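Trainee: Take the given structure of chain A and dock chains B and C to it, following the hints.
Residue numbers (our numbering), protein chains in the order written: chain A, 1 to 162; chain B, 1 to 170; chain C, 1 to 409.
It is worth saying that the hints were derived from the structure and are not from the lab.
Hints are all accurate, no fakes.
Simulated crosslink set (SDA-like; lysine to any residue; CA at most 25 Å straight-line): (1) C/267 / C/285; (2) B/169 / A/131; (3) C/199 / C/154; (4) C/364 / A/112.
Since we're looking at a predicted model, the values are computed, not measured.
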Amino acid sequence: MGIEQKLGNMGVVTTTLENTVNWARTGAMWPMLFGLACCAIEMMSAQAAHYDMSRFGMELMRASPRQSDLMIVAGRVSKKMGPVLRRLYDQMPEPKWVIAMGDCASCGGVFNNYAIFQGVDEVVPVDIYIAGCPPRPEALIHGVMTLHEKVRTEKFKDLAKG
Amino acid sequence: MDKKLEKIIQALQNNFGATVEEFRDEAHVFVKVNQIVDALTLLRDKHEFELLSTMTAVDYWPQQSPRFHLIYQLTSLAQNLSVQLRVPLNGDQPKVPTATRVYQVANWREREAWDMFGIEFEGHPDPRSILLADDQEGHPLRKDFPLGYEEPQFSFNFDEIGLHKPEPKE
Amino acid sequence: MPQLEEVSVEKIKHLVSERALAGETVLLNMGPQHPSTHGVLRLLLELDGETVIKCIPDVGFLHTGIEKNMESKTYIKAAVMSDRLDYMNTMGNNLAYVMAVEKLVDLDVPPRAQAIRVILTELQRIASHLVWLGTSGLDLAAMSMFLYCFREREAILDIAELCSGQRMMTSFFRPGGLWRDVPVEFESAVRDFIKTFPKRVDEYERLLTNNPLFLDRVLGIGKLSGADALQYGVTGPNLRASGVDWDLRKARPYSGYEQYQFNVPVKKEGDVYARYLVRVQEMRESLKIAEQALNKLPMGPVRSENRKYVPPPRSEIGVNMEALIHHFKLWTEGFPAPKASIYSAIESPRGELGVYLEGDGGPKPYRVHWRTPSFDNLAALPIMSKGHLVADLVAIIGSIDIVLGDIDR
Numbered sequence: 001m002g003i004e005q006k007l008g009n010m011g012v013v014t015t016t017l018e019n020t021v022n023w024a025r026t027g028a029m030w031p032m033l034f035g036l037a038c039c040a041i042e043m044m045s046a047q048a049a050h051y052d053m054s055r056f057g058m059e060l061m062r063a064s065p066r067q068s069d070l071m072i073v074a075g076r077v078s079k080k081m082g083p084v085l086r087r088l089y090d091q092m093p094e095p096k097w098v099i100a101m102g103d104c105a106s107c108g109g110v111f112n113n114y115a116i117f118q119g120v121d122e123v124v125p126v127d128i129y130i131a132g133c134p135p136r137p138e139a140l141i142h143g144v145m146t147l148h149e150k151v152r153t154e155k156f157k158d159l160a161k162g
Numbered sequence: 001m002d003k004k005l006e007k008i009i010q011a012l013q014n015n016f017g018a019t020v021e022e023f024r025d026e027a028h029v030f031v032k033v034n035q036i037v038d039a040l041t042l043l044r045d046k047h048e049f050e051l052l053s054t055m056t057a058v059d060y061w062p063q064q065s066p067r068f069h070l071i072y073q074l075t076s077l078a079q080n081l082s083v084q085l086r087v088p089l090n091g092d093q094p095k096v097p098t099a100t101r102v103y104q105v106a107n108w109r110e111r112e113a114w115d116m117f118g119i120e121f122e123g124h125p126d127p128r129s130i131l132l133a134d135d136q137e138g139h140p141l142r143k144d145f146p147l148g149y150e151e152p153q154f155s156f157n158f159d160e161i162g163l164h165k166p167e168p169k170e
Numbered sequence: 001m002p003q004l005e006e007v008s009v010e011k012i013k014h015l016v017s018e019r020a021l022a023g024e025t026v027l028l029n030m031g032p033q034h035p036s037t038h039g040v041l042r043l044l045l046e047l048d049g050e051t052v053i054k055c056i057p058d059v060g061f062l063h064t065g066i067e068k069n070m071e072s073k074t075y076i077k078a079a080v081m082s083d084r085l086d087y088m089n090t091m092g093n094n095l096a097y098v099m100a101v102e103k104l105v106d107l108d109v110p111p112r113a114q115a116i117r118v119i120l121t122e123l124q125r126i127a128s129h130l131v132w133l134g135t136s137g138l139d140l141a142a143m144s145m146f147l148y149c150f151r152e153r154e155a156i157l158d159i160a161e162l163c164s165g166q167r168m169m170t171s172f173f174r175p176g177g178l179w180r181d182v183p184v185e186f187e188s189a190v191r192d193f194i195k196t197f198p199k200r201v202d203e204y205e206r207l208l209t210n211n212p213l214f215l216d217r218v219l220g221i222g223k224l225s226g227a228d229a230l231q232y233g234v235t236g237p238n239l240r241a242s243g244v245d246w247d248l249r250k251a252r253p254y255s256g257y258e259q260y261q262f263n264v265p266v267k268k269e270g271d272v273y274a275r276y277l278v279r280v281q282e283m284r285e286s287l288k289i290a291e292q293a294l295n296k297l298p299m300g301p302v303r304s305e306n307r308k309y310v311p312p313p314r315s316e317i318g319v320n321m322e323a324l325i326h327h328f329k330l331w332t333e334g335f336p337a338p339k340a341s342i343y344s345a346i347e348s349p350r351g352e353l354g355v356y357l358e359g360d361g362g363p364k365p366y367r368v369h370w371r372t373p374s375f376d377n378l379a380a381l382p383i384m385s386k387g388h389l390v391a392d393l394v395a396i397i398g399s400i401d402i403v404l405g406d407i408d409r
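In isolation and in its complexed conformation, chain A is listed as follows (with noise of 0.2 Å):
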């Protein structure tokens, strides 16, 4: 009679404050609604019935922005919406990630001109760069995926910023 089959019975599960909050983190993180361009298209095939993104947790779009925690830029970003982009994520409650997809929102993509940003990340700050044009919707998944594993692996003291 272990301590697993008696605290198994109670119904007692043991583990770390971190390990529960960043699974509860990635088990339904919710998008922002902020397709701009081409790759919004595929975002939304993403989140149709071929390639379903609900099973990943992202049943949602949420429009309004204090409603949800990722933001996933898909498109190119001008500079007349660049002042727009920031005050939605500064509206945007912690804690927030933001993934860059596509190669316009990540290095300015095939555009590299006077109306558009070089990348999103001279707005926003960026935590995962997702490639293509339009990337597929697996690449989406596996960008998400991604950003889950980096979820699982934050700690309590970087983010908590005294």
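Mentor: Showing chains B and C alone in chain A's frame:
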């Protein structure tokens, strides 16, 4: 060129002294700035050119007179014809009378021409910029406006590009 | 980085009625990030309660500078940027640009390439209408339409991937023909699609067309008369739903469309329901065209033989000196175009997609102007939405079928 189109070009030449150039069975008619609204009205009312397909401009910098050519592409649904009117404009302070009273679609097209080329339209009901941010200076589609090309950041020039690359505050 | 600034109503007082300045009506910002605006469109609404008095669209949040960027690339390389304009109709944009280049340099296209172009463009039209149906259904709370339509779209994207390796931004059409011949599985894949699709369209019609909930939301909403539509430059299904029979595939046939029998649906009412019916019927007609083109598909080369403009096949380069020289010249320099300008238009799912192309004797275009249909279609929104409620505005925007990449270029 189509027979019906020839008659219409003839009418334009008689009324406005316009010159014509042809290329690959398209007709390009050159009119002067002060005649353009009358020419558009004539084509719309008498020759059934109901649709202004597009209106745009071309910049021929460094040639200053004319520097811009304003282009009106008209389509007639009833007769299945198209004609292109071109208006040469000089480089300093180009001003054109507005065509919004003739075709409503010119409203947004003229705002775009102002934004991209700096061509002013007199009498336009809403002269604001349409496509660019409010703090954008200059007119991008002019030939003396730079493309804004940013050098790719490879490993050999990583630091010197990194100096100028803007970073967000967290 | 520019900051957002607070503006008072003084700046736009020439656009809103006097009641807004007095504070009687509310100015509401339906901002760039909104679930129902189909992209980054900002609408400034003047509301009296829930009724829209004035609707002022503010575009430019996706301005990419494609026209200027194309001036710095050669004609072949600029075709890559043309895909990304109207991202629902990527092969259509390709076709418009490539046809303009061919008209400028007077290049011939073999019939097999023309037929394959027609098949792929019509399939792309069906894919675009499916996304319209899915997203505008989603706006009107018919969520299953979204899932069904994207399921059909996967079949079309698989066909695109079969030909070119890419689902969306294919750049499959090149000046003078196609990039390469379609693989052998192409025909069976398209035939499978042609067999299963008509039943699905009937299913979608059964869901929505006579549904009283749907009819309540769309009948009589957003009326646009034919004369107004022509004044505002509206083309495509929006114009045909207002009673004007104008389709560039019938009026000025290009790429072999004159060989195929198809009808062009026209309705007279000009409201959201008429536009819905026109587009659903167009999906069926596009399928007919694709089937006819596939049945008549001629054998032969898929690229023009004119080596001054079209690169030779890879197999020739190893054995033929001239082929190597042509390949080298085309890849390093590009081909020169005459010092002239042309305008060439096709019928995209949204309307007349035209390209004004001006060459200057060199290898790069001097000026490329895209006449994109959504720009003019959106200009008619203020008159379509006068006097309607905000919820109706959502239905109207869905029915115009705008794509912001088209508007802002």
